[in-house]
Amino acid sequence: MSGHSSYTPRTGIERWLDARLPIIRLGHDAAVSYPVPRNLNYFWTFGGILMFMLVAQIVTGIVLAMHYTPMSSVAFSSVEHIMRDVNYGWLMRYLHANGASMFFIAVYIHIFRGLYYGSYKAPREVLWILGVVIFLLMMATAFMGYVLPWGQMSFWGATVITNLFSALPLIGETIVTFLWGGYSVDNPTLNRFFSLHYLLPFMIFGVVILHVWALHHVGQNNPTGVEVKNVAKDTVPFTPYATIKDLFAMVCFIFVFSWFVFYMPNFMGHADNYIPANPAVTPLHIVPEWYFLPFYAILRAVPDKLGGVLAMGGAIVVLAFLPWIDSSKVRSMTYRPIARQFFWMFVVVCIGLGWLGAKPAEGGYVIASQILTTLYFGFFVALFVIGLFERPKALPTSIADSVLGAMKGGSGARLATATAAEPNAKG
Amino acid sequence: MAQTTHTTTHGATPPEGTRRDFLMLATGAAGVVGLGAVVVPLVSQLAPDAQTVAAGAPIDFDLTPVAEGQGVKLVWRGQIIFVRHRTKKEIDEARAVNVASLRDPQADQARVKQGHEQYLVLYGKCTHLGCIPSGTAAGEPKGEFDGWYCPCHGSHYDSSGRIRKGPAPLNLGLPPYAFTSDTKIRIG
Amino acid sequence: MTTLPFRLALLGLAAGLGAALAQPASAAEERVIPPALRWSFSGPFGTFDRAQLQRGYKVYKEVCANCHSASLIAFRNLSQPGGPEFSTGQITALAATYQIKDGPNEQGEMFERPGRPADRFPAPFPNDQAARAANGGAYPPDLSVLAKARSYERGFPTFIFDMFTQYQEQGPDYIAALLAGYKDPPPAGTPELQPGQYYNTYMPGHLIAMPQPMQDGQVEYPKLPNGQPSAPETVAQYSKDVAAFMVWMAEPHLEARKRLGMQVMLFLLIFGSLLYYTKKKIWARMPDGSPAH
Numbered sequence: 000m001s002g003h004s005s006y007t008p009r010t011g012i013e014r015w016l017d018a019r020l021p022i023i024r025l026g027h028d029a030a031v032s033y034p035v036p037r038n039l040n041y042f043w044t045f046g047g048i049l050m051f052m053l054v055a056q057i058v059t060g061i062v063l064a065m066h067y068t069p070m071s072s073v074a075f076s077s078v079e080h081i082m083r084d085v086n087y088g089w090l091m092r093y094l095h096a097n098g099a100s101m102f103f104i105a106v107y108i109h110i111f112r113g114l115y116y117g118s119y120k121a122p123r124e125v126l127w128i129l130g131v132v133i134f135l136l137m138m139a140t141a142f143m144g145y146v147l148p149w150g151q152m153s154f155w156g157a158t159v160i161t162n163l164f165s166a167l168p169l170i171g172e173t174i175v176t177f178l179w180g181g182y183s184v185d186n187p188t189l190n191r192f193f194s195l196h197y198l199l200p201f202m203i204f205g206v207v208i209l210h211v212w213a214l215h216h217v218g219q220n221n222p223t224g225v226e227v228k229n230v231a232k233d234t235v236p237f238t239p240y241a242t243i244k245d246l247f248a249m250v251c252f253i254f255v256f257s258w259f260v261f262y263m264p265n266f267m268g269h270a271d272n273y274i275p276a277n278p279a280v281t282p283l284h285i286v287p288e289w290y291f292l293p294f295y296a297i298l299r300a301v302p303d304k305l306g307g308v309l310a311m312g313g314a315i316v317v318l319a320f321l322p323w324i325d326s327s328k329v330r331s332m333t334y335r336p337i338a339r340q341f342f343w344m345f346v347v348v349c350i351g352l353g354w355l356g357a358k359p360a361e362g363g364y365v366i367a368s369q370i371l372t373t374l375y376f377g378f379f380v381a382l383f384v385i386g387l388f389e390r391p392k393a394l395p396t397s398i399a400d401s402v403l404g405a406m407k408g409g410s411g412a413r414l415a416t417a418t419a420a421e422p423n424a425k426g
Numbered sequence: 000m001a002q003t004t005h006t007t008t009h010g011a012t013p014p015e016g017t018r019r020d021f022l023m024l025a026t027g028a029a030g031v032v033g034l035g036a037v038v039v040p041l042v043s044q045l046a047p048d049a050q051t052v053a054a055g056a057p058i059d060f061d062l063t064p065v066a067e068g069q070g071v072k073l074v075w076r077g078q079i080i081f082v083r084h085r086t087k088k089e090i091d092e093a094r095a096v097n098v099a100s101l102r103d104p105q106a107d108q109a110r111v112k113q114g115h116e117q118y119l120v121l122y123g124k125c126t127h128l129g130c131i132p133s134g135t136a137a138g139e140p141k142g143e144f145d146g147w148y149c150p151c152h153g154s155h156y157d158s159s160g161r162i163r164k165g166p167a168p169l170n171l172g173l174p175p176y177a178f179t180s181d182t183k184i185r186i187g
Numbered sequence: 000m001t002t003l004p005f006r007l008a009l010l011g012l013a014a015g016l017g018a019a020l021a022q023p024a025s026a027a028e029e030r031v032i033p034p035a036l037r038w039s040f041s042g043p044f045g046t047f048d049r050a051q052l053q054r055g056y057k058v059y060k061e062v063c064a065n066c067h068s069a070s071l072i073a074f075r076n077l078s079q080p081g082g083p084e085f086s087t088g089q090i091t092a093l094a095a096t097y098q099i100k101d102g103p104n105e106q107g108e109m110f111e112r113p114g115r116p117a118d119r120f121p122a123p124f125p126n127d128q129a130a131r132a133a134n135g136g137a138y139p140p141d142l143s144v145l146a147k148a149r150s151y152e153r154g155f156p157t158f159i160f161d162m163f164t165q166y167q168e169q170g171p172d173y174i175a176a177l178l179a180g181y182k183d184p185p186p187a188g189t190p191e192l193q194p195g196q197y198y199n200t201y202m203p204g205h206l207i208a209m210p211q212p213m214q215d216g217q218v219e220y221p222k223l224p225n226g227q228p229s230a231p232e233t234v235a236q237y238s239k240d241v242a243a244f245m246v247w248m249a250e251p252h253l254e255a256r257k258r259l260g261m262q263v264m265l266f267l268l269i270f271g272s273l274l275y276y277t278k279k280k281i282w283a284r285m286p287d288g289s290p291a292h
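Protein chains in written order, with numbering that gives the first Met the number 0: chain A, 0 to 426; chain B, 0 to 187; chain C, 0 to 292.
One chain only, chain A, in its complex shape (with noise of 0.2 Å):
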């Protein structure tokens, strides 16, 4: 896919520098004429909009670091110190705060739309496991930033987060106290966490860079899961089609986002964070952040401790090795009648879990979070067997088929509605 590059120099320094350094060619091969798919519908700008996300929450993050204190006796005040007394502070707390839950949902539309369309299968199972790798030390950064507020739900968050490592048989109790660096969560763990979580971002950066290169390697899967097998007729160039759909799309996310920003910034927070940390209450109702709940729920869901942090790391592990277990050839859920109904069955499980990570763990949601634990793992198991002897539809024979023939009326090739009510379709 990468093919030969078409890049030529045009004046003389350019020439100068291809042959020394060839960065513009790089950046002309990767963001100009790089081929993309041309049935690529909306669900595909969340790469650029994640990419997005990822600097917003640096460059609003350094902003930050450049007024915050990361000492337990004065962190709350100096959060409090940026949204009240430095210029524009209040803006650059809530985008950051805000960026947070934002980069995550866009996360999770991004990973449902990988699984949906089977982006998972080869020869993109590198691309899959690198992205699950982001997935991880995107929660370990999100977390260890939510505890630097210094606020009851920071400090009871990170107490209970770092007790989960207690359950590791043997080394448990000793990785806990060097995670603090003390006897319990105070100020040295804020220090380090400070540290970490300036650390993680652009650790996640590196990764990114190899996603984009494993991606741009083996080219991007589309709607139809069917590869590219003519260049001129199944794919557009990256500039300008690509980069003017992502930037509608990115536009689009930000509205949504400073919607949050600007009128109801503490919305997806918790009112206790506003509550100084207070090591000697603990408040009545622990959550983390929403984007954790629902492996928050698998983890209460198990009753034994060691066995519910294995099962919420196994949550997250199970989707690296989604390329082997799903046994089925054909890529895309649409061509997969029984599989779909899973995949959608498996959304809502999801959202199940994270509504049941927000209740109390009493009673009947304890029995309910079990119930979709099983249910979870269950999709899993569900697609290595129907993979066996579901009978996929027909396939459109190239890209470029699926497109022309969905708009003659659709009785050529079937495309899902989702992803034939692409606006581009009516334009």
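Since the hints were made in silico from the structure, they are not lab data. Note that this is a predicted model, so its numbers are computed, not measured. Watch out, some of these pointers could steer you wrong.
Lysine to aspartate or glutamate pairs mimicking EDC-like chemistry, simulated, CA-CA at most 16 Å apart [to be verified]:
#1 C:280 x B:20
#2 B:72 x B:92
#3 B:88 x B:145
#4 B:164 x B:116
#5 C:279 x B:20
#6 A:232 x C:232
#7 B:183 x B:116
#8 C:222 x C:232
#9 B:164 x B:181
#10 A:328 x A:124
#11 B:72 x C:105
#12 B:183 x B:61
Assemble the complex: chain A is given as a structure, and chains B and C must be docked to it using the hints.
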């Protein structure tokens, strides 16, 4: 634009007709405006914050403990302020100089408050690269002109705080201050 | 198609889930949801009512500040745009009526001096322990961000609607209801109150350590030319005013935020439409000029 699009390769520079297109121009312009607007808060946050600005409230200082020939250092807005109670000799020296011959010509009279010529109030910051010149506390080197001497790059200031020798371009600065009584000043 | 057994299994699961959720969860603390009040600062165009904030400050100063600190707020904040907007002269005079501990001086001693606009509101107690000791063991929380620190679950699906209606005034609703929610004697059936306990309808669990802080007529409001107070001097009005003041303390840049928000939203709408049409134009044809679809 349709009649101009005949590129067959994926080289993909938009054709000339498109580039001059009003829609493209408007979109591009809006994008530039948006990017520009983003820069405003990012740069503005670097300026002193409201607390820092407000904390620059005036400070009062009682001069009585500063005996003739002595000096003290105060802090206002995070900056060092020199207060020196000059001797007759120091004042005379400062006034004997031919003002026109100075690098930064300024009469001593313009650097003190009338009726309080013995008190010199200065920013304690070398105008070269911002070090604190020595010469305020007893025993510190005062340089060749009975004033201050900057240890960093060897600037000499006279007993009026004017630059006389060395790399500094300007005299030591004068903070805003006023006498609230014969022995009290308010800086700021 | 294997969809029938699949659907049956789904039904079974749903039934199981329903049964699980129907199980009574142990009763959480009883809590009465406060009524949603009308606030001038709600919604995308909301701004503070200056007169209300000034009244609220008076209530805070004369009532709340006797026990509660608001350590993040400085006198200068009272004159900044988007707040009560007292004049600079007013707040300089106001600050000077307070004695602020400063020092050490040359002799190494702490001393007191009149307050300046840059000083924070002085706390009524020197430390948490003293505050606790003076209040029967209960710590009067700092009020600086309390309006954002108090909330209640809106539940599904209300919280989804809230995203669109922008309802986010749980804090002031709760504070206003709580301050006016004392019942003495408590309603029948309440377990006997211990000393230092009071009955409040809106406190979760109903038992509160703060005695009823205000009575009708306790705080005098500015008079209109006809001699009447500019707002009713009642507990209900005091509660609303001080709750609004607390929202401002917690979110002093609320007005600037909503104003900038409107500008950003308008820009995004324009930029977004331009991008949409540009995108349509580009996607109309393939690079070779053939129709894209």
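So, going through the hints one by one against the coordinates:
1. At roughly 11 Å between alpha-carbon atoms, residue 280 (chain C) and residue 20 (chain B) fall within 16 Å of each other, so this suggested pair holds.
2. Restraint check: the Cα-Cα separation between residue 72 (chain B) and residue 92 (chain B) comes to about 23 Å, which exceeds 16 Å; the hinted pair is violated.
3. This hinted pair checks out: residue 88 (chain B) and residue 145 (chain B) have alpha carbons roughly 10 Å apart, not beyond 16 Å.
4. Restraint check for residue 164 (chain B) and residue 116 (chain B): not satisfied, since their Cα atoms lie roughly 24 Å apart, outside the 16 Å limit.
5. Distance check on the hinted pair: residue 279 (chain C) and residue 20 (chain B) sit about 14 Å apart at the alpha-carbon level, within 16 Å; holds.
6. Between residue 232 (chain A) and residue 232 (chain C) the alpha-carbon distance is near 77 Å, which puts this suggested pair outside the 16 Å criterion.
7. About 14 Å separates the Cα atoms of residue 183 (chain B) and residue 116 (chain B), which keeps this hinted pair within 16 Å; it holds.
8. For the suggested pair residue 222 (chain C) and residue 232 (chain C), the alpha carbons sit about 11 Å apart, so the restraint of at most 16 Å is met.
9. Restraint check for residue 164 (chain B) and residue 181 (chain B): not satisfied, since their Cα atoms lie roughly 34 Å apart, outside the 16 Å limit.
10. Taking the CA atoms of residue 328 (chain A) and residue 124 (chain A), the gap is near 14 Å; set against the 16 Å cutoff, the hint holds.
11. Our distance criterion of 16 Å between C-alpha atoms is met by residue 72 (chain B) and residue 105 (chain C), whose separation comes to about 12 Å.
12. Straight-line distance between C-alpha atoms of residue 183 (chain B) and residue 61 (chain B) comes to about 5 Å, which keeps the hinted pair within the 16 Å bound.
Consistency with the previously given hints fails for numbers 2, 4, 6 and 9, ordered from lowest to highest.
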